[in-house]
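Here is how the chains run, residue by residue.
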Amino acid sequence: MRVSMIAPDPTAETTMRHLVAQARVFGERGDEVRLVLDTPPAALPDDVASRVVSAAGPLPPAELYIYHCVDDSPLLASLRQRDTGTILIHDHGAGQTLYPPARETEGGRWLPAHFADLCLVDDAARRDALVHDYGLPPERVCLLPGVDQEAAYRAALVELVDQALADDWPPVSLSGKPLDLPTSEIETVPNRAALKGGLELARSQADVMQRDYVVRSQIPLLGGLLAWVRRNLTSHLREPYLDPTLERQVAFNRTVIGWMEQAQARLDALETQLQRLQNQAPVAGEDKTNEQVSDGG
Amino acid sequence: MRVLHVTHQYPPAIGGSERYIADLSEGLARRGHQVDVFTSRSLHYESWRNELGPFEARNRVNVYRFRSVQRRDFHWRMLHFGARHYWQTRARRYELLMFLGGGPLCPGMFWRLLAQAPRYDLIHLNCLVYAPVAYGYLAARRRGVPVIVTPHAHSEQEVTYGLGHQRAILKGCDHVLADTAAERAFLIDAGVDAWHITTGGIGLRPEDYPRQDPLQARRQLGLPEGAFVLLFLGRKAEYKGFDLTLKVFKALRPDYPHLWLLAVGPGTEFSESLLAHEPGISGFLDLGAVPEEVKLAALNACDCLVLPSGGEAFSIVFLEAWIMGKPVIGARTLAVSTVIDQGSDGFLVAPGDVGDLAACLVRLLEDPALPRRMGAHGRAKVLKRYTVARLTDVVEGVYLRVLRRRWRESQRRAA
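Order-wise, the sequence lines are chains A and B.
With the first letter of the first sequence counted as 1, position 79 gets the number 79 in this note's numbering; the numbers rise by one all the way through.
With the first letter of the second sequence counted as 1, position 371 gets the number 371 in this note's numbering; the numbers rise by one all the way through.
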């Protein structure tokens with residue numbers, strides 16, 4: 001597979017780390033990797049630097065394009081014309097392009113994530129901004145593990161790319177957020193699965209109407225006529241009164257479940273943040289100890 | 001890209017879905033895409049009368065109009081008979097009656113679609129409840145052209161998405177564009193694949209909403225300068241909540257004598273009979289149906305927009321109020337609750353709940369800074385999410401994704 005990684009401004013340290021990590025992941029898989037960079041940085045390792053091509057000409061054709069997103073540029077704008085391949089956009093905090101200022105007229109700044117098949121982000125706050133402020137479907141915004149968690153990063157990236165290339169996505173329930181977290185982290189949170197299962201059950205039972213019910217009669221020959229008479233004898237009650245009342249109940253049920261699912265999603269995000277903070281806590285403690293040691297020394 | 005939009009009506013016909021497809025067509029054409037529109041020659045859905053010419057180049061969009069079978073009494077009877085029996089039996093024969101009674105039936109459009117569909121990169125169908133979506137879908141599928149649909153489905157009205165052929169179209173299209181997150185959610189519930197449905201929304205052109213001095217607007221409309229003006233904007237139909245608004249206004253007016261209610265929009269039998277029983281309400285001004293510039297003056301003059309409607313799919317008037325920097329109050333229905341951010345840019349009230357609406361209004365009346373703050377949040381939200389440019393971005397992105405998916409499928413077949 002041919003992979004083109006496009007980074008208009010690769011000088012930021014975060015961009016560099018992702019470019020190098022991803023070039024190695026795909027290189028080790030045997031993919032043909034090209035890095036299209038406006039200004040190739042001097043600090044690139046040799047195995048990655050050998051893959052750099054000039055951004056001056058047309059983009060090299062590829063099956064997979066990964067745009068490392070920074071400020072608006074002709075390189076970034078090329079994704080607005082791309083009707084072949086698969087496009088991933090990776091926002092890792094190096095620029096602000098994903099969050100353009102409010103614009104008053106046509107021709108202002110634009111949101112590259114709308115044009116990509118999948119958007120990768122490094123933190124939950126950015127993901128929330130894309131989903132809640134800009135209306136991106138939550139399934140299309142995926143949270144990657146940190147680049148320093150090498151194994152998890154590699155596994156998540158490869159899984160996402162394979163799914164994107166094959167259009168083979170897991171089924172999505174309304175509260176589902178596939179690939180938010182490594183499975184092990186999800187399992188450490190108690191009762192999450194039970195809560196989700198309960199919500200899904202409630203959603204499946206929200207529609208209390210018996211929509212498949214049909215008035216029938218088993219009586220030979222006259223059955224059709226009898227069923228028709230029965231239907232029309234009850235229609236004056238069903239149509240103006242019973243059906244609208246029950247439809248209101250169904251709408252109410254769905255609204256309540258929608259709110260519960262939003263609350264559940266919020267809870268999930270908070271739990272994720274909490275988990276990350278807990279993971280960071282020992283590291284911070286160690287740093288402090290080291291500082292004390294060096295101060296003492 | 002070469003894009004074909006298929007829709008039941010197109011401006012100068014008036015309506016939300018007509019405006020949606022026109023904004024989108026013109027937005028894409030401005031970006032250099034070739035956009036053709038196939039539509040009927042009609043201006044009124046009640047009759048589908050052929051009133052417009054066969055072709056018009058309108059703001060860089062080529063609009064081809066086709067003759068439709070006119071809707072007469074027996075079409076309406078067919079539609080109502082079909083609807084009455086379909087929901088009870090779910091029998092396909094009644095569905096056919098609804099399809100034929102609904103219209104617009106344009107045989108010429110169907111044949112032209114079959115003949116010319118391969119000229120386009122993709123076909124976008126607008127408004128699922130009308131017949132052109134069904135024959136546009138058939139033609140696109142027959143000729144192997146990617147097809148996208150914007151259903152404008154109301155969760156409260158199953159007729160907009162729940163017929164057998166409508167469900168088949170929703171599941172069979174390459175992509176579905178929902179107006180709101182709520183619509184997306186219930187369409188996923190109805191079986192549409194979540195990966196093939198995107199919330200597109202509705203867009204405004206901010207330049208169409210110039211802000212003017214509210215005092216000048218009030219003078220123009222004959223409103224007192226120091227008043228707190230409540231605006232009801234829309235048809236004064238029963239489901240829109242006009243009676244509720246009037247009731248709350250009358251209840252609050254004795255305690256807040258500077259409170260005014262300004263009603264803008266055509267009257268109905270319901271509102272006429274309601275107002276006939278209560279002549280000369282102090283502080284109430286009803287302008288009826290008005291031209292666009294008066295509507296803009298009303299939006300500039302008001303302090304808050306109220307539309308506690310129980311049956312809105314989106315309510316573009318909320319966006320119009322926000323773009324003018326005004327807060328809004330709407331009913332907590334499935335669709336509206338995903339548009340208004342409670343307490344941030346407006347309030348959601350329980351449908352039909354007088355006390356809830358009154359409590360929200362009192363909060364706005366008691367805290368003069370609150371309406372300005374909420375209005376500013378609303379304006380920022382519109383500029384961020386609900387402009388025509390942003391809608392065009394979303395749809396253009398969906399088109400490209402659909403084409404790329406087709407490309408991947410062809411690569412896989414070739415491999």
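No lab work stands behind these hints, which were simulated from the structure alone.
There may be inaccurate statements among the hints.
As the list claims (entries may be wrong) - Only pairs whose alpha carbons sit at most 16 Å apart, straight line, appear in this in silico EDC-like list of lysine to aspartate or glutamate:
no., chain 1, residue 1, chain 2, residue 2
1, B, K250, B, E409
2, B, K384, A, D31
3, B, K384, A, E247
4, B, K171, B, D189
5, B, K171, B, E156
6, B, K295, B, D193
As the list claims (entries may be wrong) - Quick partial rundown of chain B residues pointing at chain A, CB under 8 Å, derived from the structure:
no., residue
7, R67
8, Q70
9, F74
10, T89
11, E156
12, F186
13, A190
14, A194
15, T198
16, L334
17, S337
18, K384
19, D393
20, G397
21, L400
22, R408
For glycine and all other residues, C-beta sits at the position ideal for the given N, C-alpha and C.
Quick rundown of the hints versus the structure:
Of the pairs offered as hints, the one joining B/K250 and B/E409 is violated, with about 63 Å between alpha carbons and a cut-off of 16 Å exceeded. A distance of roughly 39 Å separates the Cα atoms of B/K384 and A/D31; the hinted pair therefore is violated under the 16 Å criterion. Taking the CA atoms of B/K384 and A/E247, the gap is near 34 Å; set against the 16 Å cutoff, the hint is violated. Taken as a hint, the B/K171 and B/D189 pair is honoured in the structure, with Cα atoms around 12 Å apart against an allowance of 16 Å.
Proposed proximity of B/K171 and B/E156 is contradicted: the alpha carbons are some 20 Å apart, above 16 Å. For the proposed pair B/K295 and B/D193, the alpha carbon gap of about 40 Å is over 16 Å, so the pair is violated. Hint status for B/R67 relative to chain A: violated, with the closest Cβ pair at about 35 Å, above 8 Å. At a threshold of 8 Å, the smallest CB-CB gap from B/Q70 to chain A is about 28 Å, leaving the interface hint violated.
Using the Cβ-Cβ criterion of 8 Å, the hint placing B/F74 at the interface with chain A is not satisfied: the shortest such distance is roughly 20 Å. Given hint, B/T89 at the interface with chain A, holds; its Cβ is 6 Å from that chain's nearest Cβ, closer than 8 Å. With a cut of 8 Å, the hint placing B/E156 at the interface with chain A holds, because the nearest CB-to-CB distance is about 6 Å. Given hint, B/F186 at the interface with chain A, holds; its Cβ is 7 Å from that chain's nearest Cβ, closer than 8 Å.
Nearest Cβ of chain A to the Cβ of B/A190: about 10 Å, over the 8 Å cut. The hint is violated. Because the smallest distance between the Cβ of B/A194 and any Cβ of chain A comes to about 4 Å, under 8 Å, the interface hint for this residue holds. Given the 8 Å rule on beta carbons, the hint for B/T198 holds: about 6 Å separates it from the nearest Cβ of chain A. A cut of 8 Å between beta carbons decides the hint on B/L334: the least distance to chain A is about 5 Å, and the hint holds.
Taking 8 Å as the C-beta contact cut-off toward chain A, the hint placing B/S337 at the interface holds, the least distance being around 7 Å. Restraint check, B/K384 versus chain A: the minimum CB separation of about 5 Å is within 8 Å; hint holds. Because the beta carbon of B/D393 sits about 5 Å from the nearest beta carbon in chain A, less than 8 Å, this interface hint is met. For B/G397, the interface hint holds, since its Cβ comes within 8 Å of a Cβ in chain A; the closest pair sits about 4 Å apart.
The criterion of a C-beta within 8 Å of any C-beta in chain A is met by B/L400, whose closest approach is roughly 6 Å, and the hint holds. At its closest, the beta carbon of B/R408 sits 6 Å from a beta carbon of chain A; the interface hint therefore holds under the 8 Å criterion.
Comparing the model with each numbered hint stated earlier shows that hints 1, 2, 3, 5, 6, 7, 8, 9 and 13 do not hold.
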